[in-house]
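K.L.:
The residues making up each chain are set out below.
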Amino acid sequence: MTAAARARKYTPRTAPETKVATSAMIASLAAEGYDTVSAPFGHALVAAAKTDSRIVGLTADLAKYTDLHVFAQAYPDRFYQMGMAEQLLMSASAGLAHEGFIPFATTYAVFASRRAYDFICMAIAEENLPVKIICGLPGLTTGYGPSHQATEDLAIFRGLPNLTILDPCDATDMAQMVPAMVAHDGPVYARLLRGKVPSVLTRYKPDYQFKLGRAQMIRDGSDVLVVSSGIMTMRALDAAELLAADGVDVGVLHVPTIKPLDTQTILEQAAKGRLLVTAENHSEIGGLGEAVARCLLHAGVTPTYRQIALPDAFLEAGALPTLHKMYGLDTASIAQKIRGWL
Amino acid sequence: MPQITADARSNMSLARRAWGIRRKALQMGEVQGQGYVGQALGVADVLAVSYFHAMRFQPEDPEWDGRDRFLLSIGHYAIALYAALIEAGILPENEINTYGMDDSRMPMSGMASYTPGMEITGGSLGHGLGIAVGMALGLRAKGGDQFVYNLMSDGELGEGSTWEAVMSATQHQLSNLICIVDFNNQQADGPSRDALAVGPEAPKWRAFGWHAQEVDGNDLTALTAAFDAARCDQGARPRVIICNTKMCKGIPFLERREMTHFVRVDPDEWARALTILDEEMPL
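Top to bottom, those sequences are chains A and B.
Quick note on our numbering: the first sequence kicks off at 5 and runs consecutively.
Quick note on our numbering: the second sequence kicks off at 425 and runs consecutively.
Worth flagging that the hints you see were computed from the coordinates, not collected in a lab.
Beta carbons: idealized from backbone N, C-alpha and C, even for Gly.
Any given hint could turn out to be false.
Said to hold, decoys possible - Over 10 Å on every C-beta distance to chain A, these chain B residues come out as not near it, computed from the model:
#, residue
1, Arg493
2, Asp526
3, Leu644
4, Ala660
To be verified - Computed footprint of chain A on chain B, listed as stretches where at least three residues anywhere in the stretch have a Cβ under 8 Å from a Cβ of chain A:
#, segment
5, 449-460
6, 467-476
7, 591-604
8, 687-695
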């Protein structure tokens, strides 16, 4: 513990004037001014399971908090409660995949990436088994502090061969990812958005469809290109609206597949001479920003590059809106940063 | 209830099969000049009973769906399983001299993508039993009557993931799961019993709800009876056979060598070991 942290620990506090409750672990990102869809992952999985008897669901005591309870209620015989045992969750999923099933295994991103890594690596990825690992609370989507904030999950998993990595923006992504994952013959790690999930992408691009491995322009803009994934695409689109009012024209390239990265589309868009800003709900180390930077350098395409990401630090506990502001993931902070970089 | 098919495939005795597994493992050790032959010699009787008494398989079709699954959680025992797979006719005998070589189908640690008959990639210890739980769940969901055998080491009893799987197998009443623990009391740094409070072995498994037996893992009669009891138990519970084995079993001068995880065998000693074995060939 640093001296500053120790001093803070022993400093008495008083209740703040305005009460902002700490977000529950069931962090959903409603209240963003968008329409919402309830449990899009769970319902999409039920729909896929109707026509594909290979699909089974497993969880390590987090069915309710990963929307897998929807599947468990629809298909109780195809649902396996593995208990609070994430290593077993991954091994047993591998065993079911060996027997021809397509297991969807759910837990929190922190537990999959930190606790169960060796089991995902050797029991699933090394054998290229079609296990779909669906994980709640990705990046900074809970106020519980580092024990629940998976701010380095993409960094951990990007190094794993065979693994496809998905970071959905909204309810459309989340629902359409499910059949795409089933069709993909290999392991997938997908960040989960659960509860009431906003519908964002179709508001800006009515014909938007998730395509595995493809980045897509959601909004065109001539001054700035934001390359974003996950909920940061929503924030980038919101920031683009704010900046449009100032006469700044911001394009947003949504990259829901982190690996394999759609380098072709990124390079095509990056070559248009705009300021390039990456935006991710993840540590500045090892996530989308670094993946894009590597892609650009390899190709010799070098626009002015800036990164919006979480710091390389264990983050604070508190209320989620406060934390997003503190770490610059909120819409106003993004718009302000981009103005400063122009 | 599974049918008891005592050595139905051939009139060759289990003793002769175990001898054949030992001989092939020594031959592979000689090719590399090293290897986990201590473990292979120790577990040969367990493998003979598994492949030539208990398990259903078709040598010409290693992925036949009706086969009993055999998971090698302990990847470094690959030399022993290759010997058994050759003895069973799943791998060709003329590949013995490729063991551990570049482009071999028989690498030093067992991997599913390299070797026919190798069900999983083992080697990261504590993985096999959890995978076996998933396979047993899957087979049951498909209505199959196959057994899943998981061969693990005593050292793997130290891995927390093993105990997650132990509890889960009971929770799901996996009567189609048979765990075999090769208890040679030897892990990398010394005796397993000195490392992580392993005992008491069978009572611990029973307390977790398993049908548990502890046998002399180098006694073919005892092993046969234990495998039969494990397969025929009527309880809705998983089964474990704890096999107390002797490292380097069958080659007295190696048995007497200081117990070690990776037994040292000098270049001229391979031929000597094979000569000793050949003099003891059972009918």
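K.L.:
Next step is simple, just say for each hint if it's right about the structure.
P.N.:
Evaluation of the provided hints:
1. Arg493: 8 Å, violated
2. Asp526: It holds; Asp526/B is separated from chain A by about 20 Å at its closest Cβ, greater than 10 Å.
3. Leu644: Nearest chain A Cβ is 30 Å from Leu644/B, so the label holds.
4. Ala660: 17 Å, holds
5. 449-460: violated (count 0)
6. 467-476: violated (count 0)
7. 591-604: Contact hint for the segment 591-604 of chain B vs chain A: holds, 4 residues under 8 Å.
8. 687-695: Violated - the segment 687-695 of chain B has 0 residues with a Cβ nearer than 8 Å to chain A, which falls short of three.
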